[in-house]
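For this note's numbering, add 106 to where a residue sits in the sequence shown, where the first one is 1.
Be careful, since some hints might not be right.
Simulated crosslink set (DMTMM-like; lysine to aspartate or glutamate; CA at most 20 Å straight-line) [to be verified]: (1) K224 <-> E254; (2) K178 <-> D267; (3) K224 <-> D188; (4) K178 <-> D276.
These aren't lab readings, by the way, just hints derived from the structure by calculation.
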Amino acid sequence: MGSHDKILLWCKQNICGAGEDGFVSGVRAVFFDLDGTIIDSMPAHHKAWTSILREYGIVLDDLYIELHEGEKAEDTIFRLADEHGLPLSRDELRTLIESKRTLYRTIAPHGLIPEARKLIDELILRGVECDIVTGSIRSNMNGVVTPEELTLFRHIITADDYSKGKPLPDPYLIAVERSGFRAEECLVLENAPLGIQSSRAAGLRTVAITRTLPAEYLHEADAVIRNYDELLTLL
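Turn these sequences into a full structure, and let the hints guide you.
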């Protein structure tokens with residue numbers, strides 16, 4: 107590891123070259139996960155899931171939700187139904203999802219995390235494209251990110267844009283295609299294992315931030331950082 111050991115939790119050799127100040131070269135686009143990465147939405151997701159599942163006797167701890175963050179809500183509810191033997195049809199489960207989404211939008215905070223906004227503004231000043239790649243549907247995203255903030259992102263990939271979500275590579279493959287850049291010119295910022303697996307499967311260099319999970323859960327990333335400023339030190 108290079109001279110950034112004091113600020114990076116870790117940085118693998120294929121992203122940070124020892125003896126080269128640990129810089130990542132040639133980045134023309136940064137793909138941001140949304141929930142828990144640039145908006146502080148995970149507590150609201152926890153409350154919404156807890157509320158709709160309570161009557162079925164299903165209790166999810168915070169770690170379970172964090173470890174599955176990034177996947178499509180349909181994948182979450184169908185898996186839970188199978189694991190807990192819920193006697194509900196697929197249509198009834200989809201109705202539960204809509205109830206969860208409605209509740210989420212009423213309790214979720216609005217706006218980007220200020221430090222994330224500062225990072226995005228700085229990347230744009232440097233000529234780096236910023237995009238969103240999220241497991242949320244567009245209406246959920248529009249309910250928590252302001253219209254002005256959405257203009258910061260050239261491309262926004264939501265769950266409405268793909269059928270196979272994280273941890274499969276499809277969301278990030280779409281992002282690369284729409285950006286017009288090569289995969290090696292793109293960098294991902296994620297906060298959870300499924301997103302890291304998705305971006306790595308798409309062949310993208312991936313940085314994880316320890317906003318919602320400790321570093322031991324993020325070991326598949328190329329680098330792990332504590333805060334947004336540390337990402338700028340890589341570029």
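Verification of the supplied hints:
{"no.": "1", "hint": "K224 <-> E254", "verdict": "holds, 14 Å"}
{"no.": "2", "hint": "K178 <-> D267", "verdict": "holds, 11 Å"}
{"no.": "3", "hint": "K224 <-> D188", "verdict": "violated, 42 Å"}
{"no.": "4", "hint": "K178 <-> D276", "verdict": "holds, 12 Å"}
Violated hint for the displayed structure: number 3, the only one.
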